[in-house]
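Asker: Got chain A sorted already, so can you dock chain B onto it with the hints?
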Amino acid sequence: MAQVFSRRFVLLIRLGLLAALLAVVAGATAYRTLARADAPEDAPIRQPIPFSHQHHVRDDGIDCRYCHASVETSSFAGIPPLSTCMTCHSQLFTDAPMLEPLRRAYAGATTLAWNRVHDLPDFVYFDHSIHVAKGVGCTTCHGAIDRMPLTRRVASLYMEWCLECHRAPERYLRPHDRVFDVDWRPPADQLAQGAALRRQYGLRTTRELTDCSTCHR
Amino acid sequence: MSRDPNDTDRAAHLRFWRSVEEAQGEVDPSADTIGLPTGRRDFMRLMGASIALAGLAGCSRPPLERIVPFRDGPQQQTYGKPIFYASAIARDGYGAGVLVECNMGRPTKIEGNPLHPASLGATDVFSQAAVLELWDPDRSQTVRAGGAIATWDASIAALQGRLRARPRGAGVRLLTETVTSPSLHAAIRALLGRYPEARWHQWQPVNRDNAYAGARLAYGTPLDTTYRFDRARVILSLDADFLDAMPGCVRYAHDFASTRAAHAPAERRSRLYVVESTPSLTGAAADHRVPLRARDVPAAAQAIAHALGAASDGPATAPVPAEWLQAVVADLSQSRGGCIVIAGERQPPHVHALAHAMNEHLGNVGGTVVHLPAAAAEVVDCTASLRELARDMHAGSVDTLLVLDANPVHTAPADLGFSDALTRVPFKLHLGLYEDETAAASDWHVPAAHALESWGDVVAFDGTCTLQQPCIAPLYGGRTPLELIAVATGDAQADARTLLTRYWSGRQPQDFDAFFDDALRRGVVPGTASAPQRPALRPFDVPPSTTPPGASLELVLTTDPRTGDGRHANNAWLQELPKPLTQLTWDNAALVSPALAQRLGLVNEDVVSLRVADRSLDAPVWITPGMPDGCVSLSLGYGRTRAGTVGSGRGANAYALRTVDAPWFVPGVSLVRTGRRYALASAQTHGRMEGRDIVRMVSVAQAAACTAQACGTPGYRDQRTLYDSPPFGPYAWAMSIDLSSCIGCAACTIACQAENNIPVVGKEEVRRGREMHWIRVDRYHEGSVQNPRTVFQPVPCMQCEHAPCEVVCPVEASVHDAQGINVQVYNRCVGTRFCSNNCPYKVRRFNFLQYSKDVPSLDAQRNPEVSVRMRGVMEKCNYCLQRITTARIAADREGRSLRDGEVVTACQAVCPTRAIVFGNLNDPQSEVNRRKNSPLDYALLAELNTRPRTTYLARVTNERHGA
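These protein sequences, in sequence, are chains A and B.
Using this note's numbering, read the first sequence as starting at 12 and increasing by one per residue.
Using this note's numbering, read the second sequence as starting at 383 and increasing by one per residue.
None of these hints come from the bench; they were simulated from the model.
Bear in mind the structure is a predicted one, so any value in this text is a computation, not a measurement.
In this text, a Cβ means the ideal position worked out from N, Cα and C, and glycines have one as well.
Please note that a few of the clues may not be correct.
[As the list claims (entries may be wrong)] If you anchor each label on the Cβ, the simulated ranges turn out as follows:
id, chain 1, residue 1, chain 2, residue 2, range
1, A, Thr-216, B, Arg-1102, 22 to 32 Å
2, B, Thr-524, A, Arg-182, 51 to 61 Å
3, A, Tyr-77, B, Gly-529, 54 to 64 Å
4, B, Glu-770, A, Ala-118, 56 to 66 Å
5, B, Ala-572, A, Phe-104, 48 to 58 Å
[As the list claims (entries may be wrong)] Some chain B residues well away from chain A (every beta-carbon gap over 10 Å; in silico):
id, residue
6, Asp-520
7, Ala-547
8, Arg-610
9, Ala-698
10, Arg-769
11, Asp-781
12, Leu-919
13, Ser-998
14, Arg-1055
15, Ser-1166
16, Glu-1284
17, Asn-1327
Chain A with its partners taken away, still in its complex shape:
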C-alpha cells in the first residue's frame, strides 16, 4: 500500500503528539506543585473563630497544657472542650460578636468545627507524648506560636522534615523544664548539650528512630 503521508508530515505528527504529551505532563506537574496543600509558607487556615495563639500565649501567659491537656499522655495533644474556653469567656468578652460561634455551640445549638492546621497523612502515626517526654519542645515543630495571631503551619510535614530530626535529634532536644517554653532558643553549644540530653533521655539509636515502623504501620 502506498504511503498516505509524506515522511516529513509523519515526523511533524510525531513531534506534535510528543509536544501534546509533554504539555499534559507539564500542566499536571505545574498544577500539583501549585496546588500543594503543604507548602511551608502556607497562609493561616480559616477558622470559625479567628483564634489567636499570640493573644492567649504571649499576652495572657496561658500554658500550652491548659488547653492541650493530653499532650503529655496521649498521641493527640487534645483540642480543648468548649467548657475550657468558657472558664474565661463566661466572664471576658461575653458579648464579643467574634465569639458568637463559641457561645452558640456551648448552648448546644450547633457544633464548633475547627479546621485542622497540622494534618498528617493517615498512614503516619505521630505521638505527641513521646516527643514531649524526650525533650522536643512545642515550638520546635509548631514555630513561634506565641507570635501567630492566626495559626499557620511553619513546617512542611514532609517525611524528609521528620527524618531531619530523627536522624540527629540532638540538634533540637531541650531540658525537660523548657519543653513548653516559647522563649527557648538553642544555646550556643546545643550540639553538645543535645548529645548529653540524648543520653540522659535514653533515646533510641538513629537506626531505630529511622525505621519505617517507627511512624508507619
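Answerer: For chain B alone, coordinates are given in the frame of chain A:
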C-alpha cells in the same frame, strides 16, 4: 553437597495430608485458581480508562480535616486513648465476660475479661465478631407496623391498648429464648403476676433440654453440670464438643489445655477418649477417637457404664471396638476421682443419666464434676414449651404474642407448622436485632438494642452474674427486652438503666452505688457463683436400644461452628472464617464419609437431595475424613431468607428436616443425587507448603526422650548465610505456638481481623484463594481417611530474620526493622507481588480488589491505630506493631524497658488455651525464650535458613498403649 539432616525424618513427616485427594495421592482439583474471562481488548479498554482517571485523581488537594471539640470533656476520656468497659456477651443464653475497647466512643474490639470465670481473658469467635454485628448496616433501624415505618410511641400505644383490653392477660403469650438474666426474669414474673392468665414460653433451637432431662432422670432435679478439666487425667466424651459448643467452652478449653500443653507436668497430663457423630474440635483433640453414628452412642455409653459397673445391664453388642472399650474402662477405673465422663447435648437424656451414674460410680462428683443449680432462671423443656405455644396458636387461643429476641419462624421444628400457626394470631410484636423471618411475619417489629448498647445482666455457666453496660448509645434507638417488658407491665417511662438498678438495689439495698460501680468495673457481681450441690443418684431405667438395622442412613444436625443456630448468618467475619474441620467458608454442606461417598458415587460439590418421610432438602456434598459411616451431617444456621445482605440465601436450611421428635438425629434419611453441582469455597488446600515437614507430632514417651537433634530443629540456627545479619536493637520480638495446646478454634484469626482492619473478600474471592486472614489455622490429617488424627496449626507471618520477601521487593516496601519485625510499608508498595511469590510460608495477602469499601457504619469499627489498606497493596502480620509501639511509648515515657508480657498480640490475648506466647528474645527470662529452649521447638521449613522468629512446639500425644 551436605546432606539434609532432615532427610531421614522426611518420610515420616509426609504422613500428614489436608484433603482426601492429597491423601490418595491425587491432584486436588480445588487447588486450581479460576481465570478471569477478560480478553485482550477488554483489558486494554479498562487500563486506558484507569490511566485517564488516575491522572484526574492526582489533581486535588487533600480535603480539610475538621476537629469538633466536646462541649464538656468526658471525665475518663483522654483524646487518642482507648477506654475498656467490662460487660458480657451471651451465647445461647450463657454469658461470657468481655472488655470492650472503645476508641473515642466507638466500640472497636473485644477482649476477654480475666476476672470472669467463663473467659479468663479469652473469648470465642462469636464474642470477637460481636463488634461487627454492632456496626452491621443491615441491622433493623426502625420500628415497623405491618412493614411500614412507625414510631416507638406508636408501638407502645398499640401494645398497651392490647393489654388493657385483656386485664387478666387471657390469650397473651410471651416467647423468649432461655432467660438467665435475673432482672429480666424478675420483670417477666412481675408481668405474669399482673396478667395471671398470660403464659410465658421459652424456645431456643440449641437448647439444654436433653441435659436437664438427663439430670432429672438421674437426680430428680434439673442441674447444670460443670467440669474441672484441669483436674482430670482421663476424659471420656460421648458426642460432647466441650471445647467449642457448650456453655463454658472457653473456660473448658483453657482448663483442658493446661493438661495438654507441650510442657504440662507428666502427673497432670490428660488422655481424651471421644466417640462422636460429626468431626469436631473435641474429636480433633482426642488421643483415641471413634467415629460413631449418633444413634449408636447410647449403646456405647451403656456398654462402658456396664463394664465399669455403673449400670446393671449392657447392650447385646457394643458398637465400639473391643480393645478401645477395654482401654477406656481400664483408664477410667484407674483414675477414680480424677476423670470425667461427659455427654453431649445432642444425646438423649438417658445418655446424660448414664454419664452421671458413671461419674458417681467413679467418685468424680464434687471433684472433677460439679453439679450446680441450673443457670437458666426457670428450667423448661424448650421443645415442649414451643409445641404447646404452636398448639394453642393453631387452636386460636392465642391473640397477642410478644416475641423477644427470638426467631421461631426460622428455627422452629418443621413439623410444628409454626409459620402457619402464627398467621392465626391477630397481634404479634417482635423485638429483634434484625428484620428477620419472624419480624416479617409479625404485625409490629421493634429494633432491639445490641448487647454492646444495652444495660442488662446475664449469668455464666457457673452462675456468676455480670452486669452489662452500654459502650455506645443505641445506634438505631433499639430497646432491650427489659424495657419492652416494663412497657407491657405499664411502665413506659423507665429506661433500661433505671430498670436494672431498681432490680439490683432490691437485691443489694445497702451501699448500692458502691456495689453497682464495683460490679460494673470488675465485670462480675461478687459472690454470685453458684454453690455446688450433691444430690443423691436415683435408679433410672435405660430404654432398650432401638437401633434400626444398619442400612438406613442417619442425618445428624449440628450447631454451625460459625453461624451458630443461624443468628450469626449475617456476620461476614464469621462467614469467611473457615470452619475448623472442613475449612469451608460461606456455606454449609452435607458432610459424608469418604466410604459413603464412594459407595454412592459422590464427589465434592455434588448436590444431593436429603429425603426424610415427606420432607426433602437439597444440599451440596462435602467429603469429610473422620465422618462415621452410615451418617450424614448438616449444620443448622444456613438457608436464612431474611438474614441481611450477607447471610440471606446462603446454604441449606437444615431446620426443614428438624422435627420435634428428632431434633438432632434423623433416622431413615435417603441421599438422592440431583445431578446438579454447587460451588463451595474451601480453604483447605490454600497456602499449601507442598508436603514438606510442616507438622510434628510426638508421643509423650518420645517427648520425654527428646533431644534437639531428634525432635527440634537440628542446628539450623548455625547455618551460614550470604545475607547480612539483621540489625538488633534492645528488643527482638518472637513468637512461639504450642501445637499441643492449640485446639483449632480460630479465635486468633478473627481477633486479628478485628484488630488489624482486615477486610472480607467474599465467596468468589475465597475460591480464588484470595482470603486476607493474616493468621490462618491450617488443618492437617494423619492416618486413614476413615478415622484420621487431626492437627491444627496457626500460621502467621514467620518474621524471618533472613526474609526471602525482602530481597525481591523492587521498592523496599518489605524491610526489616531493628526489633526484628519484617514490616510492610503500604505506601511504598506498588503491588508487584514478588514478595508473596518468594514467601515459602504463603502468609502474605494481596488486595486484588478494593476490599475495604467505605461503608460509614463499618468504618466506625476500624482500629484507628492501623492503616486501612487499599487495592494493589500487599499486607501481612506484623506482630501487632501498633500494640508494641503503644506499650513501648508508654515504657519510654517512664524511662524503663518493656517487661515480659507487657506486649500482648491480638491472637495471643484471645487464645483460650494460651497456645501463643509472644515476647522478647533478648530477655533470657522471657516466656518465649523458655519455650524456644525446649527440645520440642521447631521452625517451619528450617532447611531454607530463613531463621523464622515464629516457631512451634511439636504436638505431644498421650495415647495408651494397645488401645
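Asker: For Arg-610 (chain B), is the shortest CB-to-CB distance to chain A above 10 Å, so the non-interface label stands?
Answerer: About 42 Å separates Arg-610 (chain B) from the closest Cβ of chain A, which puts it past 10 Å; holds.
Asker: Taking the closest pair, is the beta carbon of Asp-520 (chain B) still more than 10 Å from chain A?
Answerer: Check passes; 27 Å lies beyond 10 Å.
Asker: Glu-1284 (chain B): least C-beta distance to chain A exceeds 10 Å?
Answerer: Since the minimum Cβ distance to chain A is about 16 Å, Glu-1284 (chain B) lies beyond 10 Å and the statement holds.
Asker: Is 48 to 58 Å a correct range for the gap between the Cβ atoms of Ala-572 (chain B) and Phe-104 (chain A)?
Answerer: For Ala-572 (chain B) and Phe-104 (chain A) the Cβ distance comes to about 56 Å; the hint holds.
Asker: Per the stated criterion, does the least C-beta distance between Asp-781 (chain B) and chain A lie above 10 Å, as a non-interface residue requires?
Answerer: Fine: 46 Å to the nearest Cβ keeps Asp-781 (chain B) off the interface.
Asker: Just double-check Arg-1055 (chain B) for me: nearest Cβ-Cβ distance to chain A has to come out over 10 Å.
Answerer: 52 Å, holds
Asker: Quick check on a hinted range of 22 to 32 Å for Thr-216 (chain A) and Arg-1102 (chain B), using CB atoms only.
Answerer: Since Thr-216 (chain A) and Arg-1102 (chain B) have Cβ atoms about 27 Å apart, the given range 22 to 32 Å holds.
Asker: Is the distance from the Cβ of Glu-770 (chain B) to the Cβ of Ala-118 (chain A) consistent with 56 to 66 Å?
Answerer: 58 Å Cβ-Cβ, so the 56 to 66 Å window holds.
Asker: Determine whether the non-interface label on Ser-1166 (chain B) survives the test: each CB of chain A must be over 10 Å from its CB.
Answerer: 46 Å, holds
Asker: Confirm or reject the statement that Asn-1327 (chain B) sits farther than 10 Å, beta carbon to beta carbon, from all of chain A.
Answerer: Holds, because the least Cβ-Cβ distance between Asn-1327 (chain B) and chain A comes to about 24 Å, which exceeds 10 Å.
Asker: Should the label of Leu-919 (chain B) as a non-interface residue stand, given a Cβ cut-off of 10 Å to chain A?
Answerer: Its Cβ never comes within 10 Å of chain A, the nearest being 59 Å, so this holds.
Asker: Hey, does Ser-998 (chain B) actually stay past 10 Å from chain A on C-beta?
Answerer: Label holds. Min Cβ-Cβ 53 Å, cutoff 10 Å.
Of the numbered hints listed earlier, not one is contradicted by the structure.
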